[in-house]
Amino acid sequence: MTAPAQAMDSGPYAATLLAHARAPRHQGTLLHPDALAEGYNALCGDRITVMLALRQGCIAEYAFRAEACALVVAAASLLGECLIGRDAEEVEHLAARFDGLLAGAGGPPIECGGLNAFADLARFPARRKCARLPLATVRAALRGAAHANTEEA
Amino acid sequence: MTAPAQAMDSGPYAATLLAHARAPRHQGTLLHPDALAEGYNALCGDRITVMLALRQGCIAEYAFRAEACALVVAAASLLGECLIGRDAEEVEHLAARFDGLLAGAGGPPIECGGLNAFADLARFPARRKCARLPLATVRAALRGAAHANTEEA
Amino acid sequence: MNVVLAETPLDIAALRAQFPLLARTVHGGKPLVYLDNANTAQKPVCVIEAVDRFYRERNANVSRAVHALGEEATGLYEGARDVLARFIGAGSARELVLTSGTTMATNLVAYSYLLPRLAPGDVVLTTVMEHHANIVPWQIVCQRTGARVVAAPIHANGELDVAAFIGMLGPQVKLACVTHVSNVLGTINPVAELAAACRKHGVPLLVDGSQAVPHLPVDVRALGCDFYAFTGHKMCGPTGTGGLWARREILAQMPPFFGGGEMIREVRIEGSTFADPPARFEAGTPNIAGFAGLAEAVRFLEGIGMARIAAREQDLLRYATARLREVPGLRIIGEAPHKAAVISFMVEGAHAHDLATLLDLEGVAVRSGHHCAHPLMRYYDVPATCRASFAFYNTEAEADALLDALLKARALLA
Amino acid sequence: MNVVLAETPLDIAALRAQFPLLARTVHGGKPLVYLDNANTAQKPVCVIEAVDRFYRERNANVSRAVHALGEEATGLYEGARDVLARFIGAGSARELVLTSGTTMATNLVAYSYLLPRLAPGDVVLTTVMEHHANIVPWQIVCQRTGARVVAAPIHANGELDVAAFIGMLGPQVKLACVTHVSNVLGTINPVAELAAACRKHGVPLLVDGSQAVPHLPVDVRALGCDFYAFTGHKMCGPTGTGGLWARREILAQMPPFFGGGEMIREVRIEGSTFADPPARFEAGTPNIAGFAGLAEAVRFLEGIGMARIAAREQDLLRYATARLREVPGLRIIGEAPHKAAVISFMVEGAHAHDLATLLDLEGVAVRSGHHCAHPLMRYYDVPATCRASFAFYNTEAEADALLDALLKARALLA
Ligand SMILES: Cc1ncc(COP(=O)(O)O)c(C=O)c1O
Ligand SMILES: Cc1ncc(COP(=O)(O)O)c(C=O)c1O
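Residue numbers (our numbering), protein chains in the order written: chain A, -7 to 145; chain B, -7 to 145; chain C, 84 to 497; chain D, 84 to 497.
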């Protein structure tokens, strides 16, 4: 047998992200969603389905199911607290802020605190699209589009 | 005005070749050729038409017309003395010897002395096909083929 | 596989010293452990210098100019064709079309050879384990003609179901396609046997040699196939190079594909006539510097000897496979008895991309994803795998480093 | 041509020092006078080193692996796309498909854009002065569909007959094609005017920029064309590189051409879906090292400034033209008022190939032949011409050397 593993540089895997990936919130199904979209990253094979219940144009309930990497699952889990109560415009605003964070653009932290744990992804451009997939899929659902991917602009 | 031109390295252009190119022999037309073929090198644009009169399988008369560079014309001119009286097999033999000369393969000089002036072409592979075109066209004519080129094997 | 065991072992340290990139570090000083060779191989100094020298000393266009530089460049380019043709056992350099890689080679066959021959109901036979470059070109031309692509199945261990493949041959099959070595499973397919069966049915066989030419002695005539495609960047050569070998009589029948310079005999606005192969299929200015480098790559590989390379990589495969089995929850995908040094795996509870990122942070470069083989992923019902792929310049210590990094990553993720 | 006259003259000696090949000698010590730039350009050290550095430090495949090397390689490749797109004035890098050169670019348009649109009776309009790369691809797809290629005439001085070109536009014309700068005549065509006329007739216009991008400031949006093709090796970049710019809405409609890796979204044996442009048109491993070099070439050219390059080359053109007129019996083919520094000529009593060989023996590299422009040769009724083509790094002294060598050659041949 090999010597036990030693501490490793965990890169983009902040402890809170790993915790969300292991025990995601909002994972599940809405039986009668007002909006639903599927996200797929061809390059990774990541898949996510996002379901929304809407009330007066605002997100009232949110659930997702994913077959995907830890970053997708953590992002999908952390998104929940940010989405509830927001309308499409606010979600677009959030997405712009989140993209800025992932691109390492700096600026003040995002108000939904948990998402800031993704800041280290700026160093890993190939994995950014994983973090972006859930929100891109939510945006697609709000637009009425059935599909989203984050490999192409 | 510019100073008068000084002596230059004449490369493959041996004096005898230039003399033949300026005043080629066998240039003209056979009215009733037994065999005729056209040679064309797409890369250079060289064109030659070769006409043969045959007697008992041997070349009795030979003429050519060319729109081509000095090397083609010189080769076509010099060929005359080698071809008259030869049959197809002897022409094939000559072609093999000539190809050897052009490839710098060494060996004894070709019996048709004039052709040996092409020996320097071994240093100029891109121009070898010019020297080869007339003989390739004669061989095509003897085979009954209408066309020849020396850019492809 | 005919591996002649080498008498003298390779001096791996001396070989590695010829690959500048292997001395790199990543992520703040971690020595690079490059195990992504099936994706692209590293280049020895002699190849890098051949490209460099071309631009410094020889740069000119080919087949066009009569000046000294042009002759030298043409000599280098045609010399590369000769070297490559001999390397893969072609009967003549005239049977070798130089391309920008395997993808261009298979697409050339698709558009020039196959498209004019397809009718509704016709079939192109491929296999479940193929790279997209050996699937999608056939789909594109089939879609235009009402023909269809079918795929022979594989066994769960990653071996081709040879009997099924042969059973799918028939008069409606206009082309059969198989990879020589799978880029995901490592499986070495019994090409000679498949070629014999194809010949019996009068079906031409195309072999994707992308993963074979860099790792095994290849002799296209001994294999008995009709087309053989390969790519330069995986065999220690420059990017943007490769080739398509095809039987002379097949090439001679194929109409031109790309139009442009060098592939013509005579152009008139009303219509053109075309050069003989291989020039007919090489329109435009080729990657001349790249081919100068690729010829050097072949000389480098031949200097080591393909049989010794294959034997060395078998040692690495055995060693690395045994070590990886120490990782709890690790499952190897592809365990054919004849396989090259490619190990795809999954680790329970850890997604392939997360593993790859964490391995990368330790300096270990592996590929994760679908490896351009969606149908194979679907067959195994996995979204993605990790893949460690070895070259002769890898070491047992690098396999150990992979293992250590995997154990750490697993501890973090699981 | 919008040439802004440069305030400070170029330091040609310093520029030349950056091109290692210009220091070469040929034929036993003759200094090389390289006047075959329209065929391919020489490469500055920064380009050669960028290629070299890629292989030594960054070599990995693109868009596939998540490891550090893969990210770096992808960054270089996509960075090159950005640099090139900006250089030619594209609205977005997503409108730029990276290809192996102009030939691949025009063939991509032929097979993907044009072929599905052609019906019997349709017409592709080109001109008599085009390179085969802007004629033969159209012929190949026309032949399959019953469409035909027609060519607008030129004036005897080498100018396009613009009125005739515009007069030939009409509803049956499915694509119009014109070279920005003729590789034989040097003629700079009035692309913006042609594009406006094409737009009026609803005919898309493809411009062959092979000879323009290296020599003029180019802004594809200002030109108003629909497709713009160019090749890297003529703009001081590596062999095997180039690009096709096309309007976003046109690219979006085009079906895939080559099938393979990277261009797909999802592959099933029964059928596949495809990525958005430009990835849709970039199947397989690209010439990554080549594009790293091409980005550097653009930076190099921009460092000098395209307007200054154009102005300098106009000086050379004027000087060389005047000197060549001193040769008795010399006839220049192509005397358009707007022309680039390309001079085709014939000398009475001397065949072009003989001249070129004799010039080469003096160290002067020119191209002789048909320059991949058979229809143009037929128009002028000449089998071949000699062509001296200049780059900014050429000198007046080199034009003098051309003249001296020509006088000697003429004395020998005539
Ligand atoms: C005007 C023109 N078009 C097209 C080409 C073809 O370019 P490439 O051979 O790089 O594809 C050339 C150069 O050969 C050219 O001069
Ligand atoms: C088996 C196989 N076929 C085809 C290819 C495509 O090669 P390229 O991308 O060099 O065209 C690859 C590599 O990516 C491969 O592994």
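Derived by calculation from the structure, the hints in this document are not laboratory data.
All of these numbers come straight from a predicted model, not from anything done at the bench.
Some hints could be false.
[To be verified] Calculated Cβ distances over 12 Å to all of chain B for the following chain C residues:
#1 G112
#2 C129
#3 E154
#4 P203
#5 R231
#6 L252
#7 Q255
#8 R304
#9 R330
#10 R348
#11 A362
#12 Y462
[What the hints assert, rightly or not] If you want the footprint, here are the derived chain D segments under chain B, 3+ residues with CB under 8 Å:
#13 349 to 360
#14 431 to 440
#15 452 to 464
[Said to hold, decoys possible] Capping the alpha-carbon separation at 16 Å, the derived lysine to aspartate or glutamate pairs in EDC-like fashion look like this:
#16 D/K113 / B/D1
#17 C/K113 / D/D94
#18 C/K113 / A/D1
#19 D/K113 / C/E140
We put the CB at the ideal spot given by N, CA and C, even for glycine.
Q: Count the residues of the stretch 452 to 464 of chain D whose CB lies closer than 8 Å to any CB of chain B, then report whether that count reaches three.
A: As far as the stretch 452 to 464 of chain D goes, the hint holds, because 3 residues have Cβ atoms under 8 Å from chain B.
Q | chain B versus C/C129 - minimum CB to CB distance exceeding 12 Å, so not interface | A | holds, 25 Å
Q: Given the hint that C/K113 pairs with A/D1, test it: the Cα-Cα distance must not exceed 16 Å.
A: holds, 11 Å
(Q) Would the hint linking C/K113 and D/D94 be met if the CA-CA limit is 16 Å? (A) violated, 45 Å
Q) Taking the closest pair, is the beta carbon of C/E154 still more than 12 Å from chain B? A) Violated, because the least Cβ-Cβ distance between C/E154 and chain B comes to about 5 Å, which does not exceed 12 Å.
Q | Non-interface claim for C/R348 versus chain B (Cβ beyond 12 Å) | A | violated, 5 Å
Q.
Just want to verify: C/Q255 was marked as not at the interface with chain B; is every Cβ pair farther apart than 12 Å?
A. It holds; C/Q255 is separated from chain B by about 36 Å at its closest Cβ, greater than 12 Å.
Q) Is the nearest CB of chain B more than 12 Å from the CB of C/Y462? A) Given that every Cβ of chain B is farther than 12 Å from that of C/Y462, nearest at about 45 Å, it holds.
Q | Claimed coverage, the stretch 349 to 360 of chain D by chain B - three or more beta carbons nearer than 8 Å | A | violated (count 0)
Q) Closest CB-CB distance from C/R304 to chain B, is it above 12 Å? A) holds, 19 Å
Q: Over 12 Å to the closest beta carbon of chain B is the bar; see if C/L252 clears it.
A: Consistent with the label, C/L252 stays out of reach of chain B, its closest Cβ about 35 Å off (over 12 Å).
**Q.** Pair hint outcome, D/K113 versus B/D1 [Cα-Cα no greater than 16 Å]
**A.** With a Cα-Cα distance of about 11 Å, the restraint between D/K113 and B/D1 holds, given a limit of 16 Å.
In the structure shown, a violation is registered for the earlier hints numbered 3, 10, 11, 13, 17, in ascending order.
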